[in-house]
Each structure stands twice: as C-alpha cells, then as structure tokens.
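Trainee: Chains D and H, in that order, give the protein sequences.
Under the numbering used here, read the first sequence as residues 1 to 183, first letter to last.
Under the numbering used here, read the second sequence as residues 1001 to 1585, first letter to last.
Source of the hints: derived by calculation from the structure; they are not laboratory data.
This one's a predicted model, so the numbers in the text were calculated from it and none came from an experiment.
Even glycine gets a Cβ: it sits at the ideal position worked out from N, Cα and C.
Hints are not guaranteed to be accurate.
Beta-carbon label-pair distances, calculated as ranges [what the hints assert, rightly or not]:
#1 Lys-1108/H to Ser-57/D: 51 to 57 Å
#2 Tyr-111/D to Gly-1051/H: 43 to 49 Å
#3 His-1531/H to Tyr-111/D: 41 to 47 Å
Calculated lysine-lysine pairs in the DSSO-like style (CA-CA distance at most 27 Å, straight line) [to be verified]:
#4 Lys-1018/H to Lys-1508/H
#5 Lys-1018/H to Lys-85/D
#6 Lys-1297/H to Lys-1178/H
#7 Lys-1390/H to Lys-80/D
#8 Lys-1390/H to Lys-85/D
#9 Lys-1508/H to Lys-97/D
#10 Lys-80/D to Lys-1018/H
#11 Lys-85/D to Lys-1431/H
#12 Lys-97/D to Lys-1431/H
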Amino acid sequence: MKTSVGASWVMGITLGLLLTNACRHSEGGSATTPPVAGFPATTAITAAPLGQVAGASGNVQAFSITNPFEKNPQAIEQGKQLYIKMNCAGCHAYNGKGNMGPDLTDTYWRYGGLPVEIYKSIEEGRPQGMAAWGAALPPEDIWKLVAYIESFGGSVSAKDYEHARQGDQPGEQVAPEVAEQKP
Amino acid sequence: MELTAQADAGSASLTGAKFNFAPGDPAGEWHSPAKDYANTRYSTLNQIDTGNVSKLRIAWTFSDGTEGGHEAAPLVVDNTMYVVTPFPDVLYALDLTKTGEPIKWTFKPNPSPMAKGKACCDSVNRGVTYIDGKLIYNLLDDHTVAVDAKTGKEVWRTKMGNVETGETMTMAPFAVGKEVFVGNSGGEMGAWGWIAALDVVTGKELWRAYSTGSDQQVRIGSDFKPFYEQFKGKDLGISTWPAGMWRHGAGTVWTWVSYDPELNLIYYGTSNPSPRVPDQRPGDNLWTSTIFARDAKTGMARWAYQTTPHDRWDYDGVNENILLDLPIDGTMRKALVHFDRNAYAYTIDRTSGEVLRASPFAYQNWSTGFDMKTGRPIVNADKEPHPDVKLMNVCPPDLGGKDWEPAAASPRTGLVYASIFNLCMDLTDNKVGYIPSTPYDGMNIRRFPAPGGNLGEFMAWNPATGKKVWSVKENYMTMSGVLATAGDVVFYGTADGWFRGVDARSGKVLLSQKLGSGIIGQPTTFLGPDHRQYIAISSGIGGAATIRADIDAVKPSGFPAGGNTLYIFSIGGDSITADANQSTR
C-alpha cells in the first residue's frame, strides 16, 4: 500500500493515546475491590499451554488459575466499559454473540474457555484477526475483561476444565426451521 | 408469498428502456459477474421460458468444502466453468465437456489467515472476471491475482493494501480492455477507501483514487463538473470532516463497477463514513456514500453524487449502477439506475449526475422526503442517533433497504428486478476511538422486520417512473443477485434456501426449488457444449444475511446451516454427457 509510512505513524500516535486512556481508566472511576490474593503471577500464566502437554495427561496446575475479579460486579461493569472502549464489541458484538469474531457466550472455545485461556487469548492475540492487548492493557484490565466475558455464562470455570476438554457437557436442542410454503 | 400488484402481461416493454450489450460476450457464455459493462445481468438465452421453467431440475452439483457466505457468480468461458470460494479464495475450473464436469484445475492463492478475522461481514468473495485469457480476482488479504484460464497458473499478483490495518478486498474486479478496476473493503475498520486501475497484462497499478482527502488524492481536477452545489469547492474530501478524520473515514469501494463505452466513464459507489457514529464526524463527510463517475483511462472524476450526506446509519452508496437509456418525461436520457441502501431508488442522468427520479423502494423512516432542487434527502430529525441514547425503530437498518446483491434489467420488459429487504433497527451509538487492528464502529444494533413482518421481498421496478410494478414477499431475507433472461423469467434465491424463477412481467412464481443452504449467490446462465441452456447458482448462507446472529428476526432458531454447493439446473435435469463434446457453439 502506498501509504504505509503515514499509516504506521498514525498507528503509533493512536496506540499512545490508547495506552494513556487505558491507564487513566484503570486509575480512575469507582474503586474496584482489590483481589484478595493479588493477580496471578506472569510465570503462572505463561505456564498454561495452548494445547495438551505432550506425553502427559491429567491436571495442569496453570489451568486452575482463577480470575481474581470473578463475579465481582464492579469489575464486570468496568470490563464491560473496556469491552466497548477497546472495540471488542465491533468484532464480538455488544452482547458477546459474535460477528467478525467468535461467539463468546457459547461453550465452543477455539483457544480454550478457562479464565487463564481467555486471559491469554486477549493478552497474546490469535492468528485469525484477534489483536494482542498485552502491551496496551495492564493485567488488571485484562482480568476485568475476562470477568465480563465470564458473566456471559459460556466460559468454563477453572474447576471444570477437564470435563470441558473432554466434551463432558450436555447437548442442546435447537428449534425447527420455520416452514415456508411453496408458491 | 403474496403479489402486491399485477403488471399488464403483454409483450411490450413497459418503459422503453434500452441498453448497450457491450462488450458483446458470446450469448452462451458468462465472462464477468455483471455479464456486460452496463451491469444488466441480462441473458439473451431463451430456451428456458415462462412455459417450461417449472420443469427445471438439478443437473449436477459441485461442493467446494469451504465455510462462509457464497456470494460469487459462476462464470463460463470456452466450455469451462469457473467458481471462486469464500476465504481461502480457491478458484476451480470445471470441464464442461466431460461427463461429471470434473475439476480441470484448482488454484490455491494462499491468502493470510489473518484476513478472515478482519472482514466485517463474513469472509466472502463476490467473484472473478475473465479478460484476455486470464481470470482476475481479489483475495481477502488485499492482493489482486491474475490466473491463466487454460492452465490455472498465477500470472501476476499485486499487493493492494495491508490487511493488518483492517483493510480487506471482497469485490469482483471489473475489466475494460487492458484495464481492470479493483477497490477495498473495511468501512467498519476505519480503512481509507479507494478504487484503483491495474494493467490487465502486468498487474501494475495505473492510478488510484481515494474516496476522502485532497482533490489530488480523490483525483478531482478541472474536468470535475458535479451537478449540485454541495459538491462544488476545493478539497471537500477534507473540509467536510473534523480535522484529520477523513484519513480513517472509509468510503471503501466494495461492490460493483459499470462502464459506458461511449462516454468512456466508469461508475461506482463508496461506502459509509467511519466511524459509524455520526456525532464524532460533523459535516457531510465527502466523498463517502457517494456515486462517482470517472474517466476510465485517467481515473479523474467527472461528477459525483452523495446519496446519504453525513451518513448516520451505515447506508453506504456502494450498490450497483445499471446503465439504461430511458425515456423520462418524453426525452430519452442516458441514465443510471441505483437502488441505494438508504432505501431510495435513483434514476440519475449518467452524463451529468442530475437526479431524475428518487423514490423509496423499501420501507424507510429516516427521511421525510427528497428535495429535487438540491438533490438532498430531507432527514427526519427523530431518527438521528446520538451517543448513549437508545433510538427505537429506525428503518432501514445498517444493512439497508437493499445490500450489495445486484439487480438485473430486461430490455424486453424495460424493468429492473431486485432482491430487497424489509427491516428496521433499534440503535444505540457508542463513541469509539480509532485503534488499528480493531473495528471503528460504535453501532449497537437490534434488527427486526419492518411493517408486514416479512424480512425479504423480490420486486420489479419501473426506473422511468420510479415506481414498483410488482413484488413477491419473502419470510426470510432476500440477499441474492438476480438473473434476467430473454425467456422472460427472472431468477433469485432466499436466505432460507429457496431458488425461484418468476415471470418477468406478472411476478408470478413459476419455479421454487429448495437448495441445501441459504442462497446469497448470483445466478448466471450459459449454454453447455450440448447447446442446452443451464442455470447456475451457489448455495451457502453467510455474509450480512446472518451477521449479528443473536437477532431472532434475521436468524431465527432453526435457520438453515451453512453450505458450499453450486447447483446447475436444466429442463428435466438432463446433464452434459461426453458424447455431446463434438458440438460447437
């Protein structure tokens, strides 16, 4: 594209503003109840692999990481504001049902639906269009986003990951096609 | 199903419309999605007519295995059928001279996986164009490629944009002689809209015209003679925006181009302005939601007409421009007919940009009328969105009264046929910031049916009077292209998978065939090597017909699943057999 130089310049400026806004957002507003045990350590999060650990079965410690803001109403509300402000809604829709990006309210998670897996998808981005937010948002904000996504009800709780991985979940019935008469 | 009106079932043209069949491709072939420069999608084939269309049966099918909406038009050149899939944009050549129509070659262009998540409205492709022994098409990741039609080998590949910015390409290229015109998508991503001309032989870019910015960037010079005052002035592509916002103001060029060989002008429309939240960009936001006429050789603008100034509802101006010569108030006018997403049908003088007719073809309440003197719609202040205020019942919604799906025209009836929508929305705008890699959007929408309860409608339109002649109501959305034929049958499909053939004069439905998935493709017709007339249509729901999957009205529970099957029909379902190979056309 002819304008690549100009475009990257604008990108730099915008990302700068974005970071400023994000920080201001985290500092301002109503105070969120701080998590009791603080945020999960970066090393713990990094230890959660995207796939099954080769040669191993059973529990992976990192998958048991819980969201420090889980079911925290203030954090969920702030997560919602971030969801709108960071343009998450543009891809995943305002109600999380998906459009350009996947549905966040159902039980199908391409990159895993555990809190730590959702955290990592936001932090690292994913190849089919999902941006990496680790540089733009502090962990606190990412966990708030995770809390908001968890509030949709489709994600997997940390204690259920083994069941979710192996598909131990009920099926669902979808309504029949609405019949239309042939002319 | 219901007919709103019955036309006189005579045999004469109802309007006296005429059009130029250039470039005059063989009657039994289909070289570009729109069939001809005028974008009529009219075939002179008449073996299939109102008397026998009810006997159409499936002759054969072809599945390509991809997900996503199947919007492309199948082409036929030299006894070979060409079909392009949604992302990853695979191109197939099917040999029509052999029993079973086997794959002659497959071209895999290998676009970037990232593109799939950057396309606003599904990873669609609207088609391939054949020119000079090559098939030219756009990849979702912003490359235009040319493929040798005989061998399936890549001839050239030109990078047109950077997919990481949210810019994609979905439109079907349009070729005239040694030039091929392409444009970008990404009106929901803050892309900078453009159209470009490439050299058919080399793929080299000849010129590029942006939809916002300075006159130089927009390619506006001394030849620019717009009809209305609001389009006259210097650098309006900058001054009708708040400082700097034009640069991510969209005006992308994601659908159709048409061409008048006598005037040597191309015609096309530009998308909505970005962001979709109007209060963030006071001004007319030129040249978004605008129809342009440009010199085909130089790309310099001749005139422009903005259909929706300061577009508040994502109406775009992208829909096709069908070039017809029409008697208007007793005088033959070189016209273009345009069904805008804003629900107005325009008949415009294509030499000057003067609006000759402007009247709603679908339910709308965003405007209270149209000022013929200024060429401006009169906006209903009650339907102007403002951030954080829930606005109820705005019609049509962002998808418009009709979307990209192209209409067809018949010189036999003089009418234009279009698949349209009957939709409204509740809308809440949210202020947005431009963050590269993310949408620049801000519209929180719930869509539902407009009065009547049907979501779709197929209509015949009189472009000389600006009036609907008849229509067929459909429960589900009608987002397929239209095919008009000399057999006086017009074809379209529905989002719930009905493929229909309709009497072009009366609107009577003569054929209804349920296909495997919803239909948002573009029907085409051709002669096989056996001289038999076939009709081709892809089935595979997707695109904007299912976006925002939460809305029950648009995607009710039990909505047909996706698909990827091309259906070929013939009278009685007879198909090509190898012993027919020897015949020639």
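Trainee: Against this structure, judge whether each hint is valid.
Mentor: Quick rundown of the hints versus the structure:
1. Lys-1108/H to Ser-57/D: 51 to 57 Å: violated (37 Å)
2. Tyr-111/D to Gly-1051/H: 43 to 49 Å: violated (57 Å)
3. His-1531/H to Tyr-111/D: 41 to 47 Å: Cβ of His-1531/H to Cβ of Tyr-111/D: about 54 Å, so the range 41 to 47 Å is violated.
4. Lys-1018/H to Lys-1508/H: holds (24 Å)
5. Lys-1018/H to Lys-85/D: Roughly 52 Å separates the two Cα atoms, so the pair is violated.
6. Lys-1297/H to Lys-1178/H: holds (10 Å)
7. Lys-1390/H to Lys-80/D: holds (17 Å)
8. Lys-1390/H to Lys-85/D: holds (18 Å)
9. Lys-1508/H to Lys-97/D: Outside the cut-off at roughly 39 Å; violated.
10. Lys-80/D to Lys-1018/H: Violated, at roughly 56 Å.
11. Lys-85/D to Lys-1431/H: The given pair, whose Cα atoms are some 8 Å apart, holds under the 27 Å limit.
12. Lys-97/D to Lys-1431/H: holds (20 Å)
The structure does not agree with the numbered hints 1, 2, 3, 5, 9 and 10 stated previously, though it agrees with the rest.
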